[in-house]
Every structure is written in structure tokens, then in C-alpha cells.
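Student: Following the hints, position chain B against chain A.
Here are the chains, one letter per residue:
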Amino acid sequence: MEYYLTVLTLAGINLMVVLGLGLLTGFTGLFSFGHAGFMCIGAYTSAILTVTLKVPFVIALIAAGLVAGAVSLLLGRLTLKLKGDYFLIATLGFGESVRLIFDNIEPLGGARGFSGIAKNSNFVSVWIVCLIGIFFLVRLMNSRYGRNFTAIREEELASSTIGIDVFKTKLLSLFISAIYAGVGGSLYAHYMTFIKPSNFALIKSTEFTIMAIIGGLGSITGSVIGALLLTILPEVLRFIADWRMVIYGAAVVILIIVRPKGIAGGKEFKDFFFVVWIRRLFNKRLAKKDPGNGGKL
Amino acid sequence: MIKVLEINNLTKKFGGLTAVDDLTFHVWENQIYGLIGPNGAGKTTVFNMITAVYAPTSGEIIFNGESLVGKSSYEIARAGITRTFQNIRLFKEMTVYENVHTACHLNTDYNIWDSLIHNKNYKSGEKQIRQEVNELLERMGLYERRDEVAMNLPYGDQRRLEIARAVALRPKLLLLDEPAAGMNPDETNELVKTIRGIREDFNLTVLLIEHHMDLVMNICDQIVVINFGKEIAKGTAQEVQNHPEVIEAYLGKREEELLHVDA
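Top line first, the protein sequences correspond to chains A and B. When you line the first sequence up against the working numbering, it's residues 1 to 297, in that order. When you line the second sequence up against the working numbering, it's residues 1 to 263, in that order.
Some hints here could point you the wrong way.
[What the hints assert, rightly or not] A few chain B residues that face chain A, going by a derived Cβ cut-off under 7 Å, partial list only:
1) Asn8
2) Thr51
3) Ala77
4) Arg83
5) Lys92
6) Thr102
7) Ala103
8) Leu106
9) Leu169
10) Lys193
[Claimed, not checked] Within a straight-line C-alpha distance of at most 30 Å, the following computed DSBU-like cross-link-like pairs (lysine-lysine) qualify:
11) A:Lys267 <-> B:Lys120
12) B:Lys127 <-> A:Lys267
13) A:Lys270 <-> B:Lys230
It should be emphasised that the hints constitute simulated quantities derived from the structure, not laboratory data. On a predicted model such as this, the values are computed, not experimentally measured, just so you know. Yeah, the Cβ is synthetic: ideal placement off N, Cα and C, and Gly gets one too.
The shape of chain B in the complex, shown without the other chains:
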């Protein structure tokens, strides 16, 4: 197996606040890797550093053997990492079809002149993209809604569209930021199937942030738990679930322990 993503000693400071503190974890090819932790633990900050929204204060981010630090967001996307956002960021006034269509811009190579004179390059390029978009929408169960404006979609479909748009770039690594946020149990089950399905179909590696514990425990091969920017546990779902610090971070200390501290 190949290491797809290596995060080594990654740190991000916002002034006096250390949002991510010396974090290290490695994601292997084809894994579904979970990044979990209570609110404000620094999970999204990690995503933002991987996709160059923020520059890390120190540490390394290595993708397929190549350092990503110092690259811009679009270069990272082109290298093969795409993402979704916690607070969905679709092209709101575009249709479902157009959202995915736009994201396919790198899957063809006609230039601006080709598009002005509509030559063979343009026509075959656009035809190929159209076909890809339709296939992808079909695959994601959004084909029936393809002409709807993105912001009018039900919440679950918006999340799914955002995943479709990210997958349209044919990434190697997909970052999902709370994909199940605001979903009911049925939708969440559906989402689990979708994530597993696209991993197989597109040969993806997935790194995901999530609060729904059943989803995380159900789907992730490996999990890293962070709190206040620091790693508190790492391992499989079972290992992490029974880790005392994880239980403490999520549920607080046991009463006896608290009494003990007071005394």
C-alpha cells in the first residue's frame, strides 16, 4: 500500500491561539480516514491547511511524496485533492448540471480560440464533458434534478451535489467536511453507501471530518481524534472508542474522578 497523505508535526497558530498543535497522521491509499473531535478542536483548520486556504505555521503536508506547503488552492486541486465544505459552498444560482459541468473544466484541453471558432477540439471536448457530467449525476442520484437551481435543492441533495462536484475533478484524495451534518438517520445511511460506493468506483482515498459517531465508527478504517488541536488518540474505531481520553473529551470526566480532584 502507498501513503497518499502525510501530515507531519503540523501546527497552526492564530496569534496567541494554537488551533492545531503538532499533529501527525498518515493516510494510506483507498482508506477512509476519520478526523474527529469536539467542536473547535481544529479539524476544519487541518482541512484548510491541506487545501491552502490557510498556510501552516510549521510542519509538513506531503501528498504522494510531494510537499504541498506553499502551493495555492487551485494547484492542490489540480494535483488531486478536492474537498467539500462544512457550510456548503455550491455555485448557488447555477443548476445542478452546471455546478458539475463547471468542475469538469480540467477534463478537456481545448483552448480559448477553439471555443471561439467551435472547431473539432471544442466540440469533442464539450461532448466528452457532457457525457461525464451526465454519468456522474446518474451515479450520484442527481440526474432527475439536473435542471434545478442548486440553492433550491433539499439539504441532503446539496451535500451530495457538493460531493459530485468534488469528484468531477477525478481526485485521488477527497476531503469531506461534516458530510452528514444536518442529515436525518435515513439520509446518513444513504450517505454511507454513497461514500463507500464512490471510493470503489473512482478508486478514491477519503479523509472525513464528522460528528455523527455511528457514521464514523461504521465507515472509517482509521481514526485520529483531536482536542484543542492536539492528537489524543489514533487507531481503529474500536481502539479509539474505548480510549479514556476520547471518552473524557466527548462526555467529560466520571463523577468519582471529579470528586477525587475536588478533594
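Pulled out of the complex, with its shape left as it was, chain A reads as follows:
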């Protein structure tokens, strides 16, 4: 039982970061290989706050998000004028430099890591934060802000000619995305109780991107599926020991060939065929009871 909860908690922590990455990559169309960097900043920020400054965990959690967000604004100011691929390279460099900076800050333990963090997060608190994260993201995507993100992904030039400030909107997307990653980092630090810079290396950023893509870009449901599936899969495969990561890699390749748009394929839960059936059934009943609305919703 303990083991399953651990796996699901880690899935929740990954989900938090993938939700943010999904906003940036899936909805706004900007790839990032630096999200482990934001996670790292969030993890260290909240660890310093709770251990050194004895700040309550909830405040440290929020601060972790905000500090990661603030750093993303700096990064964004410098790099978001770059076109597609160049922005990706910049985030890659950013992620690695964050790791190396923490590697060299001796008072924080340097490469040996930061230990003695209180275990403040658990399965329940992680998933409560995730649910709040999902809730806000759904609402954001159903607003004019959310629609502007998608517009930029679809057609940048047309977006600016309908009055969207492309740079500012991208910056907002990166900012919110980094907040999610920072909060994820804080949850991670207070679950593992020990963090070290190499926890947040490039491979971690890559994993998040794979989760977002396999789950399905442009879909919050997809982020949830991707984070859950790819956190659980390596655990399920543990019985084959050395071949585990090979099978994991093969599974990722097969999934992307079979479903190039990811498992959710850009659709949300409410658009899945079985949910649509259930909703139709439900609507028919409603329509029978109230024939006045002419079947319109």
C-alpha cells in the first residue's frame, strides 16, 4: 500500500509540472527543455524557507511558485522574441545553468544536496494541489486568455492582427507554466526531504516533455494521462530489472507511432467518445422533459 501511494504521489508531483508545461507547449506552442530548472528553483526556495527561515509549508509552497515565476519573467524577457526552435535551445541552456548554479552554491550543500527538509507533503496534499491546479487551468483555458494562447499556437501573425500582444501573452503563459513547475518542485522537496541539483538535470525536463507529448498536447486530460502513465509504467516494469528502461523507451516510441497526437489527441475528457455518449443520453432525457428549448444547449 505504502509503495502504491508513493508512486501515485510522485505521479502527482510530475503532473503538477506537466500541467504547466502543457500550458506552454500544448496550448501556446512553445517547447521547453528547461522546466526542471523552474522545478529546481521552486524546490530550493521552499526548502530554504521552511528549514532556514522556519516559514510554514503552505507559504513556502506559494513562494516557490512565485519565485520560479519571477525567474521565468526574466528568462522570457530575454528569450521570448526568439522564434520557435531558438527559444527551445535557450530554455535548454537555462535548465542546465540553473542546475550548475545550485551545484556551486556551497551554503546550500552544493552538489552534495540539501537535506533535513521536513516531510510536509503526502499523497493527499499533493493531489489536492494537483486538483486545484487542474481546476484553475481549465478555467484559464476557458477564458479570453486561454483562447489567446491557442491562437498564438495556431497562427502567430494572424494573432497579432486581431490585437493579441503576442510577446506579452507568451510571457504570461511562461509565467504561469513556471509557477506550476515551482510548486511541483516544492512538493517534491517536501516529499523526498532531500534534494540535490542532479535531481533536476536535463533528463528530468525531457521526461516532462515526453509526458506532455504522449498524453496529448493541447489537452489538460492528456497531461494527466501522460504524467500518470509514464510515472507508473517504469514501476510496473520493475520486474524485468535491467531491461526496464529499454521497454519504457520502446513503449514511448510505439505510442507516438500509433497515436502521433498523443493518447488524448488534443481532446479533453468531455470530448471522449464514451463521455459524449453518456452526455447525449443525459441530454435526450433532458430534452424529453423540456421540449421547449428545441434541442439547443
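Tutor: Chain B only, in chain A's frame:
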């Protein structure tokens, strides 16, 4: 009448190539103004300068008395100039409804917090936008297709959707870049009606680039003809049609003249 748009001595050079050369024309309120010329004459470049896709090399662009040079595309859209593109640029994977819905983002003023907590501001703002989108789609004859993905629409409807999306911002000046390209005569007639209709309904001024001469001659109050970036004629449809340089630019020189030159 008021001058909506003034283009004064506008020039654009790409390296050694002068795409637009010292062009001047003025568009008055409520006019449908035609910008025509053979392929490569620099018409789209003019549009791109008005909407700040390119910065002009020199010259002025004045909209309602205010200079647009140095502003960004989104600021120009917000000031009241929207456009369509020669090679349609819709939000391809969004539905018809969502395309117009997105363009209505400036017609409400709820902020990001309102949208997260779904308060009154958000709800009334979204309700108003929904109503506007539905009305506009109805007006443009796209209501029945509102749930279709934009890239699956027939060509003519894609053009119409792009116009709908541009009109959704409630612009004062609408720039149409070859709105009839690829349309058959029936669709073109329909388009003429649509353009005239939206001008009345939304009190618009229209500047359009077009190759279909019957459409241009039929609909435009004023026309400027350019070739190699330079103005060769300006005036009403009749005046322009009979202008020798225009005939030359479109049809070439008469045989006698050519023989004369050879000799």
C-alpha cells in the same frame, strides 16, 4: 467626410529592390477603396506596412489623424485596422465559432482573476461575447457551420470566416487582401454583397486588393493602380479603366506601338 487613412510618400526597399515607391493615396470614411496592379506590384507590401508586419523605409501612414509608423501589429489592430490575408491565415484547428470567439477578446474587459474565480464580470463578459459571436456568424452566413474545424471548410467559407474574424474586432478600417482569389463567379457575386453589407452594418471603410476586375470595377468607389511599386493611375473605376498606362500594365503595348519602338 473624414479622411480615415492617409498614405503619404510611402516607400519600402528590400535591399536593392524597391517594392513600394513613393506611394500616396487617401481613403475617406465609408469608401470602398481598391488597390490594384499586376502580380508583384507591391500591393500586399502596402498592407504589410499598414499592419506593421514590415516597417516602411520612408513615408507616412496616418490613421484618423494619428501616425501608425513605429507601432506594433497588435496596437494597430486595437486602434481599429484589421485585415485578411492573401493566403488565408485562420486558426486552422479551431472551429468556426472558436475562430471568431478568440477575435472578440477585446470586446470585454474581465481580467485573469475574474476568469479563475468565475465571478459576475467573467460571466457577463463571456455571455456578451457569445451573443456577439452568434450574431456575427449568423450575419456572415456561417452559423450552420459553427462547429466545423476551420481547415475543413470549403474555400469560400474560409475566406468569409477570415472576414468575420476581422470584423469581430469592430474595426473602423478593414483591409481585404484578394478576398475573391480562387472563387467562382457565383461566390464572387455573393462576396460583393457581403462586403457591401458589412460596410453598411458595421459602418466600415474598406481597402481591398483584388485581381478580379469585374469585382473591383463593380464595388470600388475609388481605385489606385500600381505597377512596380509606383502609382500609375488613380480615380474612379471609369477613369482608371481607360487610362493608357493601366491598359499597358495589364495587357501590354499595342502592336503598332511595339513596331514603332522596334523601328
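Student: Each of the hints needs a verdict: does it hold here or not?
Tutor: Hint check results:
This hint is violated: Asn8 of chain B has a C-beta 23 Å from the nearest C-beta of chain A, more than the 7 Å allowed. For the restraint placing Thr51 of chain B at the interface with chain A, the shortest Cβ-Cβ distance is roughly 6 Å, inside the 7 Å limit, so the hint holds. Here the hint on Ala77 of chain B is kept, as its CB sits about 4 Å from the closest CB of chain A, short of 7 Å. Annotation: interface hint on Arg83 of chain B holds; nearest CB of chain A at approximately 6 Å, less than 7 Å.
Given hint, Lys92 of chain B at the interface with chain A, holds; its Cβ is 6 Å from that chain's nearest Cβ, closer than 7 Å. Restraint check, Thr102 of chain B versus chain A: the minimum CB separation of about 4 Å is within 7 Å; hint holds. Residue-level restraint check for Ala103 of chain B holds (minimum Cβ-Cβ distance to chain A is 5 Å; threshold 7 Å). For Leu106 of chain B, the suggested interface contact is upheld, since its CB lies about 5 Å from the closest CB of chain A, less than 7 Å.
Hint status for Leu169 of chain B: holds, given a least beta-carbon distance of 6 Å to chain A, under 7 Å. Taking 7 Å as the C-beta cut-off, the interface hint given for Lys193 of chain B is violated, the closest approach to chain A being about 24 Å. Restraint check: the Cα-Cα separation between Lys267 of chain A and Lys120 of chain B comes to about 28 Å, which is no more than 30 Å; the hinted pair holds. Of the pairs offered as hints, the one joining Lys127 of chain B and Lys267 of chain A holds, with about 24 Å between alpha carbons and a cut-off of 30 Å not exceeded.
Taking the CA atoms of Lys270 of chain A and Lys230 of chain B, the gap is about 56 Å. The hint is violated against a cut of 30 Å.
Going through the hint list in order, the structure does not satisfy hints 1, 10 and 13.
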